[in-house]
Each structure stands twice: as C-alpha cells, then as structure tokens.
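Heads up: the protein sequence lines correspond to chains Y and W, in order.
Reading the first sequence from the start, the letters are residues 3 to 301 in the numbering used here.
Reading the second sequence from the start, the letters are residues 3 to 301 in the numbering used here.
One or more hints might be untrue.
Label pairs and their computed distance ranges (CB to CB) [said to hold, decoys possible]:
#1 Y/122 / W/243: 11 to 21 Å
#2 Y/173 / W/167: 36 to 46 Å
#3 W/74 / Y/252: 53 to 63 Å
#4 W/294 / Y/122: 30 to 40 Å
Keep in mind the hints are simulated off the structure, nothing from the lab.
Cβ coordinates follow ideal geometry from the N, Cα and C atoms, glycine included.
There are 2 protein chains.
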Amino acid sequence: VTVVCLPSEEAVHEVGPLPEAVRTVIWDGSRRTPPGVEFLVPEYPGGAKPDLSGMPELKVVQLLSAGVEGWPELVPDGVTLCNGRGVHGGSTAELAVLGLLAVLRRLPHYLRQQEQGVWEPGVGEGLDGKRVLLLGAGDIGEHLRAAVEVFGAEVTTVARRARSGVRTMDELPSLLPSADVVVLALPSTPSTNGLVDAAFLAALPDGAVLVNIARGRLVDTDALVAELQSRRLRAFLDVFDQEPLPEGHPLWTAPNVILTPHVGGGTQGWQRRGYRLVREQVRRFVAGEQLVNVVSEGY
Amino acid sequence: VTVVCLPSEEAVHEVGPLPEAVRTVIWDGSRRTPPGVEFLVPEYPGGAKPDLSGMPELKVVQLLSAGVEGWPELVPDGVTLCNGRGVHGGSTAELAVLGLLAVLRRLPHYLRQQEQGVWEPGVGEGLDGKRVLLLGAGDIGEHLRAAVEVFGAEVTTVARRARSGVRTMDELPSLLPSADVVVLALPSTPSTNGLVDAAFLAALPDGAVLVNIARGRLVDTDALVAELQSRRLRAFLDVFDQEPLPEGHPLWTAPNVILTPHVGGGTQGWQRRGYRLVREQVRRFVAGEQLVNVVSEGY
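Modelling step: build the complete structure from the supplied sequences, incorporating the hints.
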C-alpha cells in the first residue's frame, strides 16, 4: 500500500478516485507527521514550510505552486520534487494581460471618470505593433504570448536556457532599448533576483511598461519607484519584494502604476486543475512511470 | 485619371504612394464638393454625413468604420459601399477582453484598495471553463474568440447567417441559460436593435456578464439597468443608446458595471491599418479588380 498525504478533506474530494493500492491521509503540516507517507502534497497556498524529517519513506513532494522557493533545500536526498506547472499559469498570464491592457488603455482614468459621471473619450494605446519582451518561456509565458499575439503584439521571448525561438539573458542589453513592454514570468532564483535593476530600467525607452506577475525579488524596487515617480516608465505589479506591501510604501502612491495584491494565481478553478495533476501524478507513481513537472529527481 | 478623395493631409500621407493614374483631392465633407471624384473616403470618426449629390462620377465609398449605419440610404445607386472591417476589430476586441477580465477579476475593487493602501487579496474568477456566448462572427468576434480561448473559455458563436461552427439567432433561447458571459459584437440593424431585452436578460443565469462593445441600440438599457441594480447581472459597456451618456443617467451610478466612453476602436495605430486598406482598395479599383469589404455592390 502506498500512503499519499493530502492537505485537506477538500483535497481528497477534489482528487477523486485513486488506484486501489493507495491509502490517503490528511496532514496540514501543523500536527504530528503521519506514518509511512511516500507521496506528499503540501498545503497551498502554504505558510511556514513543514518539517519533513519525520517522513523517512518519502519519495515525492508534489507542490501545487509553480514557484519552488525554499523547497529544494528542504527536500531530503532521495526525494523527487515536482511543481504545479500548468495549474496557475493560465490564470497568472490572464492577470498580466488584464494589467497590461489596463495600463495601455488607461482603465483607471476611465473608472475615475465613471465615478464622476464624466464622458471624455481619448485615444488609447493598443497592443497592435507593440514590441513585448517576455522574460520566461514557461507555462505563464506561453499563455501570455498567445494572448497578446492575437492583438498584434510582436513578442520576443528570453529565457535562461538557449533553445529554438528563444533569446538568452546575455542578449538583454541589445533587446531592452526597443521593448515597449517587458513581462517578467521567471522564477526567483539567485541568478534572477535583482535582474531588473536601475541599469535594466534605464535601458528601456520612455513610456515602456513593466509587468511583474512573477516574483517581487526579480526587481530592485527602489529603482523602479524612481522611474515611476519621474513618470518615465509605467508598470503593472502583482508581486512585491515585501508582501503584504507595507503601509506607507512609496509604491502605494507612485504614479503610472497599477497594483494588485498577489492574486495572479488565485482564481476559482485552480483546485480542479491542481488536483487533476495530483491524481495523474499518483497514478504514475504507483504504476512506476516517469512523473511530470519534475524540478529535481530524487529516487 | 482617377480622382480619389481623402479626408485630410494626414490621410494622404498615411495612404502613401498610389498608382500613377490617380489624382488625390482632400475634402472633409464640409466645403464645396471637389469635381470628378470616383473613390471617396469620408472622414473618420465622422460627424454629420456629407452630401454626395454633387459627385455624379462617384463609384466607391470606402468607410474607415466597421459599422455602416446611415450610409446605405445615403449612397446613390451605382455606387459600391465598402466598410473598414479589419481596421478596428482587434482594438475593439482588445477592449472587450480588458473589460471582461476587469469585471471577473474585480479590478475596480483592487484599484480602490490601491488608493487606500489596503492589501486584501481575494479569490477572483478566471476565464478557464467559462462559457462565453459570442454574438457576431465578424472581425471583432474572431479576435475575441481567439483571445479568451487562450485562457480556457468555451466559446459558442451565434450569428445571423447559418454556417459551419456557428449557431443561429433562433437558438438563443436554449443557449442563454448556460452562458456565463455574453459578448455583443453584432452590427446595429433593424433586426438586431433591441435584441437584448428584458426576456433575453432574464434568461441568463445569476452573475452572468454582458459585454457590449458593438452598439448601444442592441440593448434595452432600462431592462439592463434593472438587472444591474438588483445585482443579479454584471456588465462591461463601451457603447450606449445615447452617446455621450447623459448626465444623471442611472448607468453612471449602477452597481456591477464598468463603463468606458466608446473607446473600443480608438487606439493609436488605426490610421496605419485604415490607410493600408485604402491604398489596397484604390489599387484594386484602378486595376479593375474585385474590392474587399463590400457591403453593397453598386457598379
């Protein structure tokens, strides 16, 4: 019998029928470790990371998030770590498109006019012909690219690994000066944190839009605040290097920026997609098949 | 020599080089009619319609708008009327996607939180799995369908003419009760005006979103206001049966609705697309080829 550990009754319900040789236990990470667990699905969205030292039989940690920060260090040798690629990517890209279009077409301006009962149509900007520099070729990036291309944007994808149709990070200096929009859809790693610093921002043309729906630590916030306050750049931000964004933080009152409180992945329906992934992964694990979404191979 | 009449110096510049046998004149509709005009491009966006009776040699009226209201009656026998299909469709669909996503993901709510410096993430709705009923299979509809399908929406297209993959208007009663979103992308005609009446709206499920980026006359505004005020339905509206929307109109203060002042087509870049179409149509006309975007054949 394979013991699969899920975070809640709701998760058990959503996962639905599992192979016969599986026994399910529920653990939210806070209480005594259940015995014999081989396949663990931690709580999502998670708070403090659980202590895995009491799970000597653990083989797989299956996250429901795309980001894995803190997990590779936590997962013992011999344990495979898988992420939730595909669960939130569409939803996060959707928020990026919403935020980008809201900046370009000045939705906050029109919402204020609506509150005041004022009718003053203006000429907005559309995506047609806009040069979009997309940093990240994962699930979020693929959705975002497809959506903005429908409206005529010209997308250049930049990723950490060279591959067909994708530019690499060392080409950024030549790409930034002609980018109308930069979308950050990269994981936060030691090599990507702080990537968007003062020099990166200074290389962008006037009026360029920075969209960050990935991780706040990718951006030097002070440098971005300076570019917003001078009204040279514009931004849509769903993530921040400190979350919640502290009271009185200059971003709250900066011009040219739309903020949302890290709601990119949090739409109704993620459970359905997330636990469909879990069901499939458990099936593969029990059948001895190769897992998908593997971040680090352990066994 | 073929005389082509354009609305402005800017239009002449944007159209660029035309065939040798073409002479260009400029007329904004307000002054004396220039002589010998065979191909007319009226001003866009136009105000009062021009008097065409002083153009006995007229063969083609090429509009820069998709909608043709008022023109078929105005264009004399023997004159072909063409519209601007393709010029504004992407831009209009883009606004529809922005407005729909802003409603589903509650952007106005988060913008108020931003103004107040409040961080309160909530669970929003995404397009994934949403059943979108799209009325209209033209240029706007095609762009909208492609964009929302990227995010997992299930689109059913309804049009006036039966064709493959498209449902017809008489099927609406069976389609409305399962629509999470209805997008109006139809022209205003005697048969479509008032289509969205109290019975149409009553057939929609609770919480459904009406998106109108087409024409205000398609909707019975009083019936829609009643559904918004009871908070049963939600809406994004860019067009109204009276424009500008009058001061004190109940839509200004209705709940559950986002309004913009008819800015769907008005993005930077329409000139490039519009006058590219004009250049191609003039080329076809001079070469004796079939025109595109023909609304009514005249010669």
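A quick look at each hint next to the structure:
At roughly 19 Å, the beta-carbon separation of residue 122 of chain Y and residue 243 of chain W lies within the given 11 to 21 Å, and the hint holds. Between residue 173 of chain Y and residue 167 of chain W the beta carbons are some 41 Å apart, a value that agrees with the proposed interval 36 to 46 Å. Taken as a hint, the range 53 to 63 Å holds for the pair residue 74 of chain W and residue 252 of chain Y, whose Cβ atoms sit roughly 57 Å apart. Between residue 294 of chain W and residue 122 of chain Y the Cβ separation comes to about 35 Å, which falls inside the hinted range of 30 to 40 Å.
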